[in-house]
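Here's the letter readout for the chains.
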Amino acid sequence: MNKAAYLAELEKRLAALGAEERAELLSDYEAHFEHGRAGGWTDEEIARRLGPPQVVAREILYELSVGRAQADPTLRRVSRAVFAGAGLGIVNVLVLLTPFLIGVLVSAALFVSAVFLAASPLLALVQDGPSVGYLLELPLLAGLAGAGLILWAAAMAFTSRFVRWMLARLQRNVKSRGEDNA
Amino acid sequence: MNVQFKKGVLELCVLSLIARQDRYGYELVELISRNIEIAEGTIYPLLRRLTKDGLCTTYLVESMEGPPRKYYRLTPAGHEVQRQLLREWEQFVRGVQNVVKGEQAE
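As given, the protein sequences belong to chains X and C, one line each in that order.
Each residue of the first sequence is one higher than the one before, counting from 138 in this note's numbering.
Each residue of the second sequence is one higher than the one before, counting from 2 in this note's numbering.
The reader is advised that the hints may include incorrect statements.
Unchecked claim - Ranges of calculated distance between the beta carbons of each label pair, as one might list FRET restraints:
| # | chain 1 | residue 1 | chain 2 | residue 2 | range |
| --- | --- | --- | --- | --- | --- |
| 1 | C | GLY103 | X | ALA145 | 53 to 61 Å |
| 2 | X | ILE227 | C | PHE93 | 21 to 29 Å |
| 3 | C | ALA20 | X | ALA208 | 22 to 30 Å |
| 4 | C | THR58 | X | ALA246 | 46 to 54 Å |
| 5 | X | ALA284 | C | LYS53 | 45 to 53 Å |
| 6 | X | PHE295 | C | ARG50 | 44 to 52 Å |
| 7 | C | ASN99 | X | VAL252 | 50 to 58 Å |
| 8 | C | LYS53 | X | MET293 | 27 to 35 Å |
What the hints assert, rightly or not - Think about it this way: if two alpha-carbon atoms lie no more than 30 Å apart in a straight line, the pair counts; the simulated DSBU-like pairs of lysine-lysine are:
| # | chain 1 | residue 1 | chain 2 | residue 2 |
| --- | --- | --- | --- | --- |
| 9 | X | LYS149 | C | LYS102 |
| 10 | X | LYS149 | C | LYS53 |
| 11 | C | LYS71 | X | LYS149 |
Stated by the list, open to error - Covered by chain C, according to a simulated footprint, are these stretches of chain X (three or more residues, beta-carbon under 8 Å):
| # | region |
| --- | --- |
| 12 | 162 to 170 |
| 13 | 189 to 202 |
Source of the hints: derived by calculation from the structure; they are not laboratory data.
This structure is a prediction, so every number in the text was calculated from the model and none was measured.
Note that the Cβ used here is the ideal one computed from N, Cα and C, for glycine as well.
Using the sequences provided together with the hints, build the complete structure.
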């Protein structure tokens, strides 16, 4: 792969970057090729030692997604970063994707249970109709609904803690991950 | 060397090289890849991150042979991080040495 092809491939893959940042990075790689040529290397050798542009781009996009998640730690941005990171190799699938999926499942289970508990007076009404038995069960149902609200608050707290924990994990991963993709 | 340690170590290498004197990107790649096998393409994103995090600053110098050189200079914050990483690294190496040679931790 020669310099022009390498840079074109890199540019294509870095479309998600801001124009200025992309231009700056590309100029770094362009200068790298020029320095390498001045040192007597062929484009092919320089490209081989840089590593495939796809891999370089994935690396850059991963850092970008973690930076964005850090600036605004929503579940959406954090999950994007997790998936960008998981694309970098099997080790990252284990240290990022697995805990992330477990956390999301637990979080979703908590929310679903909370909704069902909170809605239990309504659900019972639909099931039994407005009967005397329903009125007798009402105190119990009110208790269940209260438990549902408490569980909802717990689910919110769990999710926000989980997102922060995941973010810290991502930041560590960006800085000190091994190059299992290389 | 175990590949799992590489990326954190790469940051220490880059910071340590710039700590001694200002260097430009290609030069950093050469100095490091002479000693450690790396995917050279990953150095530039790392340099960008270090610059963004305020650990180093950059300036351009025109050159007779080849393109302008983008030099990296360590900031005081960068020196601080370099010392910290170096301490951690030395501690790690000592720990491994102790285990490997069967010596007790002090």
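Structure-based check of all given hints:
no.: 1; hint: C:GLY103 with X:ALA145: 53 to 61 Å; verdict: holds (55 Å)
no.: 2; hint: X:ILE227 with C:PHE93: 21 to 29 Å; verdict: holds (24 Å)
no.: 3; hint: C:ALA20 with X:ALA208: 22 to 30 Å; verdict: holds (29 Å)
no.: 4; hint: C:THR58 with X:ALA246: 46 to 54 Å; verdict: holds (49 Å)
no.: 5; hint: X:ALA284 with C:LYS53: 45 to 53 Å; verdict: holds (47 Å)
no.: 6; hint: X:PHE295 with C:ARG50: 44 to 52 Å; verdict: violated (31 Å)
no.: 7; hint: C:ASN99 with X:VAL252: 50 to 58 Å; verdict: holds (55 Å)
no.: 8; hint: C:LYS53 with X:MET293: 27 to 35 Å; verdict: holds (32 Å)
no.: 9; hint: X:LYS149 with C:LYS102; verdict: violated (51 Å)
no.: 10; hint: X:LYS149 with C:LYS53; verdict: holds (23 Å)
no.: 11; hint: C:LYS71 with X:LYS149; verdict: holds (24 Å)
no.: 12; hint: 162 to 170; verdict: holds (count 6)
no.: 13; hint: 189 to 202; verdict: holds (count 6)
In this structure, the earlier hints numbered 6, 9 are contradicted, and the remaining ones agree with it.
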